[in-house]
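**Q** Sequences and hints are given; from them, build the entire structure.
Going by numbering that gives the first Met the number 0, the letters in the sequence shown line up with residues 0 to 96, in that order.
Hints listed in this document are in silico derivations from the structure and should not be mistaken for laboratory results.
Virtual Cβ for every residue (Gly too), placed ideally from N, Cα, C.
Each hint should be verified, as a subset may be incorrect.
Across the chosen pairs, the derived CB separations fall in these ranges [what the hints assert, rightly or not]:
1) T59 <-> E31: 32 to 40 Å
2) Y17 <-> V69: 48 to 56 Å
3) V76 <-> A27: 22 to 30 Å
4) L5 <-> D40: 43 to 51 Å
5) G39 <-> R64: 30 to 38 Å
6) A57 <-> S34: 23 to 31 Å
7) D40 <-> G91: 18 to 26 Å
8) Q18 <-> R58: 30 to 38 Å
9) V52 <-> H15: 35 to 43 Å
10) R64 <-> L16: 47 to 55 Å
11) E31 <-> E87: 24 to 32 Å
12) R45 <-> V76: 22 to 30 Å
27 Å max Cα-Cα, derived DSS-like pairs, lysine-lysine [said to hold, decoys possible]:
13) K2 <-> K83
14) K2 <-> K80
15) K83 <-> K53
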Amino acid sequence: MIKSELVQRIAEANPHLYQRDVENIVNAILDEVVSALARGDRVELRGFGAFSVKSRPARTGRNPRTGAHVAVDGKAVPYFKTGKEMRERLNGGVDLE
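**A** In C-alpha cells form, the structure reads like this:
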C-alpha cells in the first residue's frame, strides 16, 4: 500500500472528512515521526510498533567492480520493531518469540 491508497481508504471509511483533510492529517503524522527520528527520539505507537534510530559506525567497504577498499562513513538508519498486537494479528494469534 502506498500513501495515496492509505489516504483514500481512510477517506472512504470516514465520509464526513474531505480527502484533502485526510491527506493533510496523514502527512502531518508522518512528518512528525520523521522529525522525532531526526532529533534522535523514539516513536512508539502502542499495538503497532516502535520507530527508532540506530547508528552504524564507519567501516571499510569494498568496491565490487574493482575490489578496491573504500571508506564508508558512519550513518544513522531508521529501525522499526513491530508491536506485540501487530505480531499476533499477523501470525493468527501465534507469537513466535
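**Q** Which hints, by number, does the structure contradict?
**A** 4, 7, 8
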